[in-house]
Amino acid sequence: METLAAPGPKLGLGLLSIGRSWGVAQRPPATEDEAQALLDIAVELGITIFDTAPAYAESEARLGRFLAGLSRSRRSSLAVMTKAGEHWDAERQAGFADHSRDALVRSTDRSLNLLGKIDVLQIHKATREVVTHPDVLAAIDHARACGVTAFGASVSDLEAGRAALESGIYRFLQFPLNRSNTAMLPLLPEIEARNVTPVINRPFAMGALLAQGSSEEAARSAFRFIEEQAPNVIVLTGTGRVAHLVENVEAFRSRHG
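To convert a position in the sequence shown, counted from 1, into my numbering, add 21.
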C-alpha cells in the first residue's frame, strides 16, 4: 500500500507493550483505556504503521477494537503488520513457537478476525529452515487466498535473513539494529539490491541508548544511525506511554535538526 511504498524513512509503532508484560523489568502492559489513548494519539501524531503479533497477548484485540472505530478512509490510510509463528499461551503467560501449517493457518484466521485486514503478514521467530518450509509456504498461500498481499519475516540472525531474502517471497524483513547491536548490518546491501523493506526493531537497545546523556539527543542520534544504514526503512518505536511516544515522534522528525 502507499503508506509502506513511500520512499524514505518511516516511523512505526510496535505494540507489544499494549498486550503483555515485557523487558527485563517485566513492565506491566497498558490498561485498555491507556492502550486506546496511545493508539489515538499515535494516529494524531501521524503514525501510520502499526506492528503487532499474536504473541503480544491482548495487542491484536486492542488494536482491532481501535481500528473498528475508525472511518473507512482513516483506516485505509494505516498499515497494519502482524505475525504468525509465535503464539501466546494465556494460562502460562508465555509465548511458544509453532510453524506447522495448521497452527499458522489458525493464527492467520484469528488475526484477520481481530484486525479485519492484514497489510503485511510476517513469519515470526523465523529461522533459516522455517522461511522456506513447505508448511510455511502452504500457510502463506492460505493467507493470500484470504486477501493478504504482502509478506515478511521477523529474524534475529544472518542465516535466517539471507534465506528469507534468497527465497524471493518476503517483501519485508524485520530485525533488531542499533548502535550497540550491529550484527545484522551485513544484510543491508542485499536488502537494498532486492528491493526489500527493512523493518527495524529495538532502535534504542531496549532503552539502554537513551540512558546515555540527553535522552532527546540520544533518540535523534539513534534514528540518524539507522537512516544512515538504510535510507528506506521502517523504524519501530515500542513505547507504551503517550509521553514517550510524543518524545520519540519529535526526535524522529527533528533527527537532522
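No lab work stands behind these hints, which were simulated from the structure alone.
All values reported here derive from a predicted model rather than from experimental measurement.
A virtual CB, placed ideally from N, CA and C, is assigned to each residue, including glycine.
Mixed in with the good hints there might be a few duds.
Derived CB-CB ranges, DEER-like [unchecked claim]: (1) Pro49 / Pro155: 37 to 43 Å; (2) Arg183 / Ala115: 27 to 33 Å; (3) Arg183 / Ala159: 20 to 26 Å; (4) Ala118 / Gly189: 22 to 28 Å; (5) Pro252 / Arg131: 31 to 37 Å; (6) Pro28 / Gly228: 37 to 43 Å; (7) Pro207 / Ala118: 20 to 26 Å; (8) Arg86 / Glu180: 35 to 41 Å; (9) Arg183 / Pro252: 31 to 37 Å; (10) Arg149 / Phe246: 37 to 43 Å; (11) Pro252 / Ser201: 33 to 39 Å; (12) Pro49 / Thr153: 25 to 31 Å; (13) Arg131 / Phe246: 33 to 39 Å.
So, going through the hints one by one against the coordinates:
{"no.": "1", "hint": "Pro49 / Pro155: 37 to 43 Å", "in the structure": "holds, 40 Å"}
{"no.": "2", "hint": "Arg183 / Ala115: 27 to 33 Å", "in the structure": "holds, 29 Å"}
{"no.": "3", "hint": "Arg183 / Ala159: 20 to 26 Å", "in the structure": "holds, 23 Å"}
{"no.": "4", "hint": "Ala118 / Gly189: 22 to 28 Å", "in the structure": "holds, 24 Å"}
{"no.": "5", "hint": "Pro252 / Arg131: 31 to 37 Å", "in the structure": "holds, 36 Å"}
{"no.": "6", "hint": "Pro28 / Gly228: 37 to 43 Å", "in the structure": "violated, 30 Å"}
{"no.": "7", "hint": "Pro207 / Ala118: 20 to 26 Å", "in the structure": "holds, 25 Å"}
{"no.": "8", "hint": "Arg86 / Glu180: 35 to 41 Å", "in the structure": "holds, 38 Å"}
{"no.": "9", "hint": "Arg183 / Pro252: 31 to 37 Å", "in the structure": "violated, 21 Å"}
{"no.": "10", "hint": "Arg149 / Phe246: 37 to 43 Å", "in the structure": "violated, 27 Å"}
{"no.": "11", "hint": "Pro252 / Ser201: 33 to 39 Å", "in the structure": "violated, 21 Å"}
{"no.": "12", "hint": "Pro49 / Thr153: 25 to 31 Å", "in the structure": "violated, 38 Å"}
{"no.": "13", "hint": "Arg131 / Phe246: 33 to 39 Å", "in the structure": "holds, 37 Å"}
Of the hints listed earlier, those the structure fails to meet are numbers 6, 9, 10, 11 and 12, in rising order.
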